[in-house]
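Novice: Here is what each chain is made of, one letter per residue.
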Amino acid sequence: MDILVCIKRVPDISGQITLDASGRDIDHGALGHTISAHEECAVELAVQLAGATDGEVTILTLGTDDAVEQLRASLAVGADDAVLIETEDPGAYGPEDIAFAIAEAVRTRANDSRSCDLVLVGNDAADTGDFQVGVRLAYELDRPVLTGITLLRLAEEAAEVDAASEGGPTSVEAYGIGPAGTEVFRLPLPAVVAVQEGGVEPRYPSIPGRMKAKKAPLDEVDAPEPVHGNPRNALELPPEQSSTVTVLGEGPEAAGALVDVLDELGVLR
Amino acid sequence: MTLVFVEIEGPDAPSGSGGVQLTSAEAVTFARTNTAILDGGSAADSSPLEVAVIGALTDEARDRLAHLGVDRIHHIDSPDVHAYSAAAWAQALVDVAPTHGTVMASGTPRGMELMAHVAARLGARMAANVVAVDEDGFLRQVLGGAAFERLKLTGALQVLTVAGHACDPEDTAPTEPEILTHSPEASADDLRTRVVRTEVEEADDTSGLTQAKVVVGAGRGVGSADGFAEVLELADHLGGALGVSRVVTSLGWRPHAEQVGQTGSRISPDVYIACGISGAIQHWAGVQGAKSIIAINTDEEATMVQRADYAIIGDLHEVVAAINEEITRRRR
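As given, the protein sequences belong to chains A and B, one line each in that order. First residue of the first sequence? That's 4 in my numbering, and the numbers climb one at a time after it. First residue of the second sequence? That's 3 in my numbering, and the numbers climb one at a time after it.
These are calculated hints, taken from the structure and not from any lab test. These numbers come from a predicted model, not from an experiment. For glycine and all other residues, C-beta sits at the position ideal for the given N, C-alpha and C. Some clues are possibly wrong.
What the hints assert, rightly or not - Here are some, though not all, of the chain B residues that point toward chain A, as calculated from beta-carbon distances under 8 Å: (1) Gly12; (2) Leu124; (3) Met128; (4) Gln143; (5) Glu151; (6) Val198; (7) Glu203; (8) Ser294; (9) Val307; (10) Ala324; (11) Glu328; (12) Arg332.
Claimed, not checked - Ranges of calculated distance between the beta carbons of each label pair, as one might list FRET restraints: (13) Asp69/A <-> Lys154/B: 21 to 31 Å; (14) Thr101/B <-> Gly232/A: 21 to 31 Å; (15) Pro81/B <-> Val230/A: 33 to 43 Å; (16) Asp97/B <-> Lys215/A: 45 to 55 Å.
Work out the full structure, taking the sequences as your base and the hints as a guide.
Specialist: Right, dumping it as structure tokens:
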């Protein structure tokens with residue numbers, strides 16, 4: 004099973020953030036960059052599934068040349084090759100534009116006999132949090148789509164059926180957390196899945212993995228021009244709030260004061 | 003016109019919000035109080051507020067929707083929508099969606115997924131996790147709640163999800179909602195992504211966490227997988243749920259279903275008691291909806307302490323054990 008995983012270079016935020024001069028983005032100056040936890044899990048799922056089915060994993064991103072850092076990092080944990088859809092201005096792309104650009108890349112590769120059975124994306128990007136690129140991509144490609152999926156595996160029953168078919172598995176079992184428990188889907192391929200953290204533990208890159216990643220093939224293609232554009236007008240930071248914390252005391256002696264507070268807040272049953 | 007997708011609580015949910023999920027009640031209130039803008043500006047203020055319910059519509063839910071000021075309920079129910087399939091449910095919503103105005107839901111996993119499908123099917127633009135709206139457009143959470151994006155959507159119809167706790171549900175003079183029933187037949191393609199079975203295990207249940215009035219949070223400060231006895235006892239005393247930070251699930255101390263934060267559940271309890279949690283932005287994203295926050299931490303400078311309403315500085319095991327003792331003593 005051949006799998007394409009879409010990732011996104013995002014700022015690694017742990018402390019204070021500031022805005023850049025345009026007011027449309029945060030100041031990336033001092034920040035490191037990473038991919039989201041959802042996408043790390045998507046890469047891991049892809050490497051496991053492809054490994055079990057003799058398939059290949061391709062990592063794809065839309066971004067500037069800087070995003071090669073994130074592509075190489077994903078190659079180092081077991082992916083086979085990578086695609087950079089290059090643009091100087093990723094901020095000009097709205098969710099529809101990104102979905103279209105990825106779909107174009109998927110179609111171009113398919114015409115080149117490199118079709119993929121599954122496209123994985125993170126459930127939502129850590130920075131823009133649009134919650135829609137995966138679904139829009141599926142509609143562009145006319146494929147079924149699931150979101151919020153934590154685990155993908157080959158169903159035994161499906162494997163028997165698939166053994167008779169020549170081209171590998173024709174479906175996968177997908178697991179996601181629903182309001183009443185774990186929801187299980189039988190997803191026909193080809194498909195798109197938006198992966199959520201929680202089902203697999205991303206592996207760390209090995210030394211041979213890093214060596215291999217340096218030499219792994221990396222395709223660079225030009226991004227199509229954005230048509231819809233990014234609807235963002237400006238970014239705002241929440242107002243700086245001075246702390247209004249009431250320290251009730253230190254150590255176990257303060258327990259009584261805290262139980263008084265719980266009583267006042269009406270949660271002491 | 004504005005159409006709100008409303009989620010109904012399952013039979014096991016705490017009956018606190020009367021059959022309508024709290025976040026859905028918030029979304030309905032958000033729609034009702036911003037009708038003029040969401041309808042596209044030109045519509046009269048008296049434009050009807052419509053909601054869609056898929057599956058069973060209980061009397062309890064109908065009554066709650068009346069008190070939330072809903073004018074019309076689209077009750078969508080048929081064998082094809084009994085099991086959840088985002089594509090089939092989204093098409094059912096598209097079938098009753100307005101041509102102008104807004105289709106919206108609360109920012110739950112279901113709400114996000116369905117609105118993305120609706121937007122794709124209708125060729126509409128979508129904004130996720132909106133917290134406010136005015137004539138200039140929307141304000142929505144980005145960067146896991148660390149920043150807000152101001153944006154304007156173009157098109158006659160727009161799709162959005164409302165961030166949890168962007169507003170409080172607000173009762174109004176009860177309406178007599180008109181109920182329109184629909185029995186959609188889904189296409190074979192739309193049924194490909196249907197839930198084939200649901201596995202109910204306690205470890206996977208996040209509803210207790212997202213609906214809880216009290217959540218006791220536990221972070222790295224707990225120290226090990228065996229260190230949760232005191233915090234679990236405190237949660238039990240208060241009839242609350244345990245929520246944990248990402249490091250706790252990454253270390254395998256507790257199941258992922260208990261994780262609170264940007265990549266876990268977003269909670270909105272009356273009281274959140276954060277024990278041994280430093281308060282990284284990613285965790286804050288999940289707990290900022292709490293009405294009151296109490297922090298127990300050895301580090302007075304920790305972000306969670308600084309942002310809390312009340313704090314105790316000290317070792318969480320000692321402090322929480324003392325709190326448990328005090329609660330037990332007062333109950334005697």
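Novice: Indicate, hint by hint, whether the structure satisfies it.
Specialist: Going down the list of hints, with the structure as the test:
1. Hint status for Gly12/B relative to chain A: holds, with the closest Cβ pair at about 5 Å, below 8 Å.
2. Annotation: interface hint on Leu124/B violated; nearest CB of chain A at approximately 11 Å, more than 8 Å.
3. Evaluation of the Met128/B hint against chain A yields a held restraint, the C-beta minimum of about 5 Å falling below 8 Å.
4. A distance limit of 8 Å between C-beta atoms decides the matter here; for Gln143/B the minimum to chain A is near 7 Å, and the interface restraint holds.
5. For Glu151/B, the shortest C-beta to C-beta distance to chain A is roughly 5 Å, which falls under 8 Å, so the interface hint holds.
6. Interface hint at Val198/B: satisfied, since its Cβ lies 5 Å from the closest Cβ of chain A, which is below the 8 Å cut-off.
7. Nearest Cβ of chain A to the Cβ of Glu203/B: about 7 Å, under the 8 Å cut. The hint holds.
8. At its closest, the beta carbon of Ser294/B sits 6 Å from a beta carbon of chain A; the interface hint therefore holds under the 8 Å criterion.
9. Residue-level restraint check for Val307/B holds (minimum Cβ-Cβ distance to chain A is 6 Å; threshold 8 Å).
10. A cut of 8 Å between beta carbons decides the hint on Ala324/B: the least distance to chain A is about 3 Å, and the hint holds.
11. Against a cut-off of 8 Å between C-beta atoms, the interface hint on Glu328/B holds, since the closest Cβ of chain A lies about 5 Å away.
12. Satisfaction of the interface hint for Arg332/B is found here, the shortest Cβ-Cβ separation to chain A being roughly 7 Å, below the 8 Å cut-off.
13. Restraint check, Asp69/A to Lys154/B: a C-beta distance of roughly 29 Å satisfies the suggested window 21 to 31 Å.
14. In this structure the supplied range 21 to 31 Å holds for Thr101/B paired with Gly232/A, their Cβ-Cβ distance being about 23 Å.
15. With their beta carbons about 40 Å apart, Pro81/B and Val230/A fall inside the hinted range of 33 to 43 Å.
16. For Asp97/B and Lys215/A, the Cβ-Cβ distance of about 51 Å falls inside the hinted range of 45 to 55 Å, so the restraint holds.
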